[in-house]
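Asker: What follows is each chain in one-letter form.
Protein chains: 2
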Amino acid sequence: MSAIKICLAQLNFKIGDFEGNTAKIADTIFTAKQKGADLVVFSEMSVCGYMPDDLLDYPWFVEKCEHSLDAVAQSCQGIAAIVGGVMRNPHKGRNLQNVMCFMQNGRIQKTIAKTLLPTYDVFSEARYFEPAQETDIIEFKGHKIGIAICEDIWDIYNDFEYNASPGSKLKELGADIIINPSASPFHLGKQSLRNRVFGGQASRFDIPVIYANQIGIHTELLFDGASRAVNSNGEVAMQLPDFEESVGYISFDDGVITSNATLPIEIDEIATLHQALVFGIKDYFKKMGFKKAVLGSSGGIDSALVQALLSQALGNDNVLAILMPSQFSSEGSITDAKKISENLGNEYHILPIENIFNQYTEALSSVFEGREFNVAEENIQARSRGVLLMGISNKIGNILINTSNKSEMAVGYSTLYGDMCGSLSVLGDVYKTQVYALARYINKNHEIIPNEIIEKAPSAELRPGQKDSDSLPDYDMLDEILKLYIEGKKSKDEITMEGYDSSLVERIVNMVNANEYKRYQAPPIIRVSSKAFGKGRIMPLVAKYQ
Amino acid sequence: MSAIKICLAQLNFKIGDFEGNTAKIADTIFTAKQKGADLVVFSEMSVCGYMPDDLLDYPWFVEKCEHSLDAVAQSCQGIAAIVGGVMRNPHKGRNLQNVMCFMQNGRIQKTIAKTLLPTYDVFSEARYFEPAQETDIIEFKGHKIGIAICEDIWDIYNDFEYNASPGSKLKELGADIIINPSASPFHLGKQSLRNRVFGGQASRFDIPVIYANQIGIHTELLFDGASRAVNSNGEVAMQLPDFEESVGYISFDDGVITSNATLPIEIDEIATLHQALVFGIKDYFKKMGFKKAVLGSSGGIDSALVQALLSQALGNDNVLAILMPSQFSSEGSITDAKKISENLGNEYHILPIENIFNQYTEALSSVFEGREFNVAEENIQARSRGVLLMGISNKIGNILINTSNKSEMAVGYSTLYGDMCGSLSVLGDVYKTQVYALARYINKNHEIIPNEIIEKAPSAELRPGQKDSDSLPDYDMLDEILKLYIEGKKSKDEITMEGYDSSLVERIVNMVNANEYKRYQAPPIIRVSSKAFGKGRIMPLVAKYQ
Numbered sequence: 056m057s058a059i060k061i062c063l064a065q066l067n068f069k070i071g072d073f074e075g076n077t078a079k080i081a082d083t084i085f086t087a088k089q090k091g092a093d094l095v096v097f098s099e100m101s102v103c104g105y106m107p108d109d110l111l112d113y114p115w116f117v118e119k120c121e122h123s124l125d126a127v128a129q130s131c132q133g134i135a136a137i138v139g140g141v142m143r144n145p146h147k148g149r150n151l152q153n154v155m156c157f158m159q160n161g162r163i164q165k166t167i168a169k170t171l172l173p174t175y176d177v178f179s180e181a182r183y184f185e186p187a188q189e190t191d192i193i194e195f196k197g198h199k200i201g202i203a204i205c206e207d208i209w210d211i212y213n214d215f216e217y218n219a220s221p222g223s224k225l226k227e228l229g230a231d232i233i234i235n236p237s238a239s240p241f242h243l244g245k246q247s248l249r250n251r252v253f254g255g256q257a258s259r260f261d262i263p264v265i266y267a268n269q270i271g272i273h274t275e276l277l278f279d280g281a282s283r284a285v286n287s288n289g290e291v292a293m294q295l296p297d298f299e300e301s302v303g304y305i306s307f308d309d310g311v312i313t314s315n316a317t318l319p320i321e322i323d324e325i326a327t328l329h330q331a332l333v334f335g336i337k338d339y340f341k342k343m344g345f346k347k348a349v350l351g352s353s354g355g356i357d358s359a360l361v362q363a364l365l366s367q368a369l370g371n372d373n374v375l376a377i378l379m380p381s382q383f384s385s386e387g388s389i390t391d392a393k394k395i396s397e398n399l400g401n402e403y404h405i406l407p408i409e410n411i412f413n414q415y416t417e418a419l420s421s422v423f424e425g426r427e428f429n430v431a432e433e434n435i436q437a438r439s440r441g442v443l444l445m446g447i448s449n450k451i452g453n454i455l456i457n458t459s460n461k462s463e464m465a466v467g468y469s470t471l472y473g474d475m476c477g478s479l480s481v482l483g484d485v486y487k488t489q490v491y492a493l494a495r496y497i498n499k500n501h502e503i504i505p506n507e508i509i510e511k512a513p514s515a516e517l518r519p520g521q522k523d524s525d526s527l528p529d530y531d532m533l534d535e536i537l538k539l540y541i542e543g544k545k546s547k548d549e550i551t552m553e554g555y556d557s558s559l560v561e562r563i564v565n566m567v568n569a570n571e572y573k574r575y576q577a578p579p580i581i582r583v584s585s586k587a588f589g590k591g592r593i594m595p596l597v598a599k600y601q
Numbered sequence: 056m057s058a059i060k061i062c063l064a065q066l067n068f069k070i071g072d073f074e075g076n077t078a079k080i081a082d083t084i085f086t087a088k089q090k091g092a093d094l095v096v097f098s099e100m101s102v103c104g105y106m107p108d109d110l111l112d113y114p115w116f117v118e119k120c121e122h123s124l125d126a127v128a129q130s131c132q133g134i135a136a137i138v139g140g141v142m143r144n145p146h147k148g149r150n151l152q153n154v155m156c157f158m159q160n161g162r163i164q165k166t167i168a169k170t171l172l173p174t175y176d177v178f179s180e181a182r183y184f185e186p187a188q189e190t191d192i193i194e195f196k197g198h199k200i201g202i203a204i205c206e207d208i209w210d211i212y213n214d215f216e217y218n219a220s221p222g223s224k225l226k227e228l229g230a231d232i233i234i235n236p237s238a239s240p241f242h243l244g245k246q247s248l249r250n251r252v253f254g255g256q257a258s259r260f261d262i263p264v265i266y267a268n269q270i271g272i273h274t275e276l277l278f279d280g281a282s283r284a285v286n287s288n289g290e291v292a293m294q295l296p297d298f299e300e301s302v303g304y305i306s307f308d309d310g311v312i313t314s315n316a317t318l319p320i321e322i323d324e325i326a327t328l329h330q331a332l333v334f335g336i337k338d339y340f341k342k343m344g345f346k347k348a349v350l351g352s353s354g355g356i357d358s359a360l361v362q363a364l365l366s367q368a369l370g371n372d373n374v375l376a377i378l379m380p381s382q383f384s385s386e387g388s389i390t391d392a393k394k395i396s397e398n399l400g401n402e403y404h405i406l407p408i409e410n411i412f413n414q415y416t417e418a419l420s421s422v423f424e425g426r427e428f429n430v431a432e433e434n435i436q437a438r439s440r441g442v443l444l445m446g447i448s449n450k451i452g453n454i455l456i457n458t459s460n461k462s463e464m465a466v467g468y469s470t471l472y473g474d475m476c477g478s479l480s481v482l483g484d485v486y487k488t489q490v491y492a493l494a495r496y497i498n499k500n501h502e503i504i505p506n507e508i509i510e511k512a513p514s515a516e517l518r519p520g521q522k523d524s525d526s527l528p529d530y531d532m533l534d535e536i537l538k539l540y541i542e543g544k545k546s547k548d549e550i551t552m553e554g555y556d557s558s559l560v561e562r563i564v565n566m567v568n569a570n571e572y573k574r575y576q577a578p579p580i581i582r583v584s585s586k587a588f589g590k591g592r593i594m595p596l597v598a599k600y601q
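Here the protein sequences line up with chains A and B, keeping their order. Okay, so the first sequence: first residue is 56 according to our numbering, each after it adds one. Okay, so the second sequence: first residue is 56 according to our numbering, each after it adds one.
Note that these hints are calculated values from the structure, not bench results. Fair warning: this is a prediction, and the values are worked out from it, not measured in the lab. Check each hint, because a few of them may be wrong.
It does not matter which identical chain is used: a pair holds within one copy or between any two.
Stated by the list, open to error - With a cut-off of at most 27 angstroms between alpha-carbon atoms, the simulated DSS-like pairs for lysine-lysine come out as follows:
| id | residue 1 | residue 2 |
| --- | --- | --- |
| 1 | K547 | K586 |
| 2 | K573 | K544 |
| 3 | K573 | K88 |
| 4 | K79 | K599 |
| 5 | K586 | K147 |
| 6 | K599 | K119 |
| 7 | K165 | K224 |
| 8 | K347 | K199 |
| 9 | K119 | K586 |
| 10 | K347 | K599 |
| 11 | K511 | K90 |
| 12 | K245 | K538 |
| 13 | K337 | K224 |
| 14 | K573 | K196 |
| 15 | K450 | K90 |
| 16 | K165 | K88 |
| 17 | K224 | K147 |
| 18 | K347 | K394 |
| 19 | K119 | K224 |
| 20 | K119 | K547 |
| 21 | K147 | K245 |
| 22 | K544 | K590 |
| 23 | K450 | K522 |
| 24 | K544 | K245 |
| 25 | K147 | K544 |
Chain A extracted, bound-state conformation:
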């Protein structure tokens, strides 16, 4: 058994970009070979990116994937690599398998399929794949390498326990190391969960575990990397940075991983959230081929925060703010909105909507006659702004970014086709209380988001003197109840038993349920929590709720 040098590759793949992804993989193999590595480990489904969803239903996509794996294998001369993709299942059952290929001497030597197929929350692997029927081990330079693909090492870390334990099987087969190529999306709290899982499994099986994750935004899903090598005592020997393409080198000898890399410094939750959102925006624009953004700037905290995040991600010159005051907008809001653009150096335009609003109410007068001002008129204002923003986006090409936060999205305090417009929702998984914390974080060195915006009472300003608190409880309490219902999946009774007023709980939960129809048509949301609205939370519209 000789010492082996392993290169851990944490890369940003684009779904379906076989040419780009394989070039990146081949380059990494080439460099690793120059640096004397024996083996390079890539993340799950590396050649196609994770997750292509129903592109997997197209035979051409699968053929390209198989072809890419073969092509990459050819570059493995004098070095070995573990590369991921999908392949046709040669047996009965679902048409495909999620595989890692062990490549050496210019060809695929062995193909390992995934056993545990996550099918919950944002995952739907059972939609495409047949699980592995058997467990196999890779012999390499006197070592027995076990490959457990992503979920394969999470067998006891869900809210249910799988029937199979691929890690235990690998241990039985004599593996002296487990490699865990992954596509493990970020959410707040995921790092401590990973510490628990990798430390726990390395100790449980008494062998080191190497975890190789991808980075990048893939529609709603944000991948943070944080790839690492963990020794059998649970200690992290090497860890790659979050949200960055990076490669790391480790030595494996005598059952122990060594590395001379320094571990990344841990940052707190709000700093992590900030990093995640800025990276998410940046990578979304890059992968979509977009450069410039436009947003509605109301003078409120949500749009101010999004504007700051966009400016940090895209550069101040690439953010256009549109102020669209109505007769109900306070002078302060306009001043505050101007100030954030000035602080950031963003171009801005002021397009008042009063005349547009009046035209609408005039056009609708025959239908509206004799009825009071209500949510209809409020929504017309929000939708007039949506039309202006989309018009600008269509005309000059800046991409409209949505500014709704998770608390509003939850209770429906938002207008469908109005402030819910946009191609990407930056804050749709960020609660209002987190919005405030992020704003303060951004201002930590000097004032970027005007303090007036942070301090004033939140208002939609869609009717005279309106305040959010007229129809919603304090955001502190609202967010607590929402978290118990959405992330915690607790019932009204259970939430009430935690000490909240039962009629308030009843009202809030009913608001969440009654607004499923709005969220059905919401933009994709950058996912930063363990339970985001969107593909990870699929609710029926035609149903009787609790």
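Given the coordinates of chain A, work out where chain B should sit on it, guided by the hints.
Answerer: Frame of chain A; chain B shown alone:
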């Protein structure tokens, strides 16, 4: 072995309405007992309705389900019943199982779990359920009854073959009949598929098969019933009507099912499509507690058809048409739009949008200055209409119904937040060529949809003299290519090889791919094809396509 009389219950359940669903089930059991039935068979997940999606993640929902099953069992005195629901999985693996309970003498005697969990297209059962680990048989009055839950009898009828065959297992265990409680959604062509499956499996196992389906709309999914009893020679002994609550009685003796019911008359594809859409609208409104609809009436065929379908489903008094001509609308469109409302006796209003449009372009003049009239101005018109329609919906409570067809939705010939607004899309799974066929079908006895609307060249009328054919190929050819790409999952090359111009195929497929982002925010679509946009076709936005 004595003759048994079986009641087949095809009911309309509402998801999560445990009280309503169990009352309906208990009533049916009561009546069946009076009529001398020995056994009543209900559809899959009858107490909770199929499919509650992530409501299944909430423990209270599962508890209510289990409680409802116990409650229904109490009404099984002197009669047996097979009733569906979900239960907690007592073993390792996923938390739940999809079960049918055999009830007799006031309690659940046996619980059978589903083995094959459909997880493709609109199905995601592996997201929630652990499959059955063993197969069991029910002894009843000297008979051996096998229960195969929905997919359990489709083992060889997918684009892949399952590893397990529950029907074969039941046959091995000596079943003399297979009961197949189902939640089998409708799509065009499903009837002939069912003929093949039930006839084929009854013959394969050489025993009769009884299929009990639900009816009703469950968000996107439409269930048509068509429950039936098929003898081992493949002949249908009894069949319940489509899209209707209905119960049927059969005798089972000596391996043969007899019935004195007459079989429903088969209708052609367009008549079926018409029946499906009218039923879908009606049931959607009923279950949501809605009464009245509003739609934009452009004088074009899509809105005319939707208006006719809404009138047939809800009654002429419950449909409000809004005509919103612009400076680009032809006189003919306004006349035609008036005529359809007059033919149907629908209330209508004319709200011109020219002034609103002009207000927008004025407000945007500083941004738009020096740029040509383009899609931005076109979309402003469509969105102005969306704002008016939503304003009316918000003010008077009529529900906005979307009128986009599948061909338009496919190529993005539609405006997000404009004509894509609405709480339900009636034609989002109906190709333009089918739209014409439906219009002619509706006019079969007398003119309801003005012939001028059917005959004229389609136009969005968003710029002077615009015709759909300016930017799209003929709908006949467009629809053929779209079907090959969407339903057929063929590549550009494969479609070209079927005899289409390669640059046209390239252009159309690229349009479909480039417009995933619009469909991401589309309303729920009544599914009538084997591959509808929406939950059955999940595509990444951040990706490189073919």
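Asker: Given a CA cutoff of 27 angstroms, do K119 and K586 count as a within-copy pair, a between-copy pair, both, or neither?
Answerer: Between. Shortest inter-copy distance 23 angstroms satisfies the 27 angstroms Cα cut-off; intra-copy 33 angstroms does not.
Asker: My question is about K544 and K245: at a cut-off of 27 angstroms on alpha-carbon distance, are they close within one copy, between copies, both, or neither?
Answerer: Classified as within; 18 angstroms inside a copy, 37 angstroms across copies.
Asker: If the cutoff is 27 angstroms on CA atoms, where do K544 and K590 land: within, between, both or neither? Let me know, please.
Answerer: both (16 angstroms within a copy, 23 angstroms between copies)
Asker: Tell me, please, which holds for K573 and K544 at an alpha-carbon limit of 27 angstroms: within, between, both or neither?
Answerer: The answer is within: 20 angstroms in one copy meets 27 angstroms, while 31 angstroms across copies does not.
Asker: When no copy is named, should K573 and K196 be tagged within, between, both, or neither for a Cα gap of at most 27 angstroms?
Answerer: Neither. Shortest intra-copy (57 angstroms) and inter-copy (52 angstroms) distances fail the 27 angstroms Cα cut-off.
Asker: First find the shortest C-alpha distance between K450 and K90 inside one copy, then the shortest across copies, and answer within, between, both or neither for a cut-off of 27 angstroms.
Answerer: neither (50 angstroms within a copy, 69 angstroms between copies)
Asker: Regarding K147 and K245, is the shortest C-alpha distance of 27 angstroms or less found within a copy, between copies, in both, or in neither?
Answerer: between (36 angstroms within a copy, 24 angstroms between copies)
Asker: With identical chains treated as interchangeable, where does the CA-CA distance between K586 and K147 reach 27 angstroms or less: within a copy, between copies, both, or neither?
Answerer: Answer is between; shortest inter-copy Cα gap is 24 angstroms, intra-copy 34 angstroms.
Asker: For the identical chains here, do K165 and K88 meet the 27 angstroms Cα criterion within one copy, between copies, both, or neither?
Answerer: For K165 and K88, only the intra-copy Cα distance (20 angstroms) is at most 27 angstroms; the inter-copy one is 62 angstroms.
Asker: With 27 angstroms as the alpha-carbon cut-off, assign the pair K347 and K199 to within, between, both or neither.
Answerer: Classified as neither; 50 angstroms inside a copy, 68 angstroms across copies.
Asker: Reference check for the pair K119 and K547, CA-CA at most 27 angstroms: within, between, both, or neither?
Answerer: between (49 angstroms within a copy, 14 angstroms between copies)
Asker: Give the relationship of K599 and K119 under a CA distance limit of 27 angstroms: within one copy only, between copies only, both, or neither.
Answerer: Answer is between: at 13 angstroms across copies they meet the 27 angstroms cutoff, but 45 angstroms inside does not.
The structure shown violates the earlier hints numbered 3, 8, 11, 13, 14, 15, 19.
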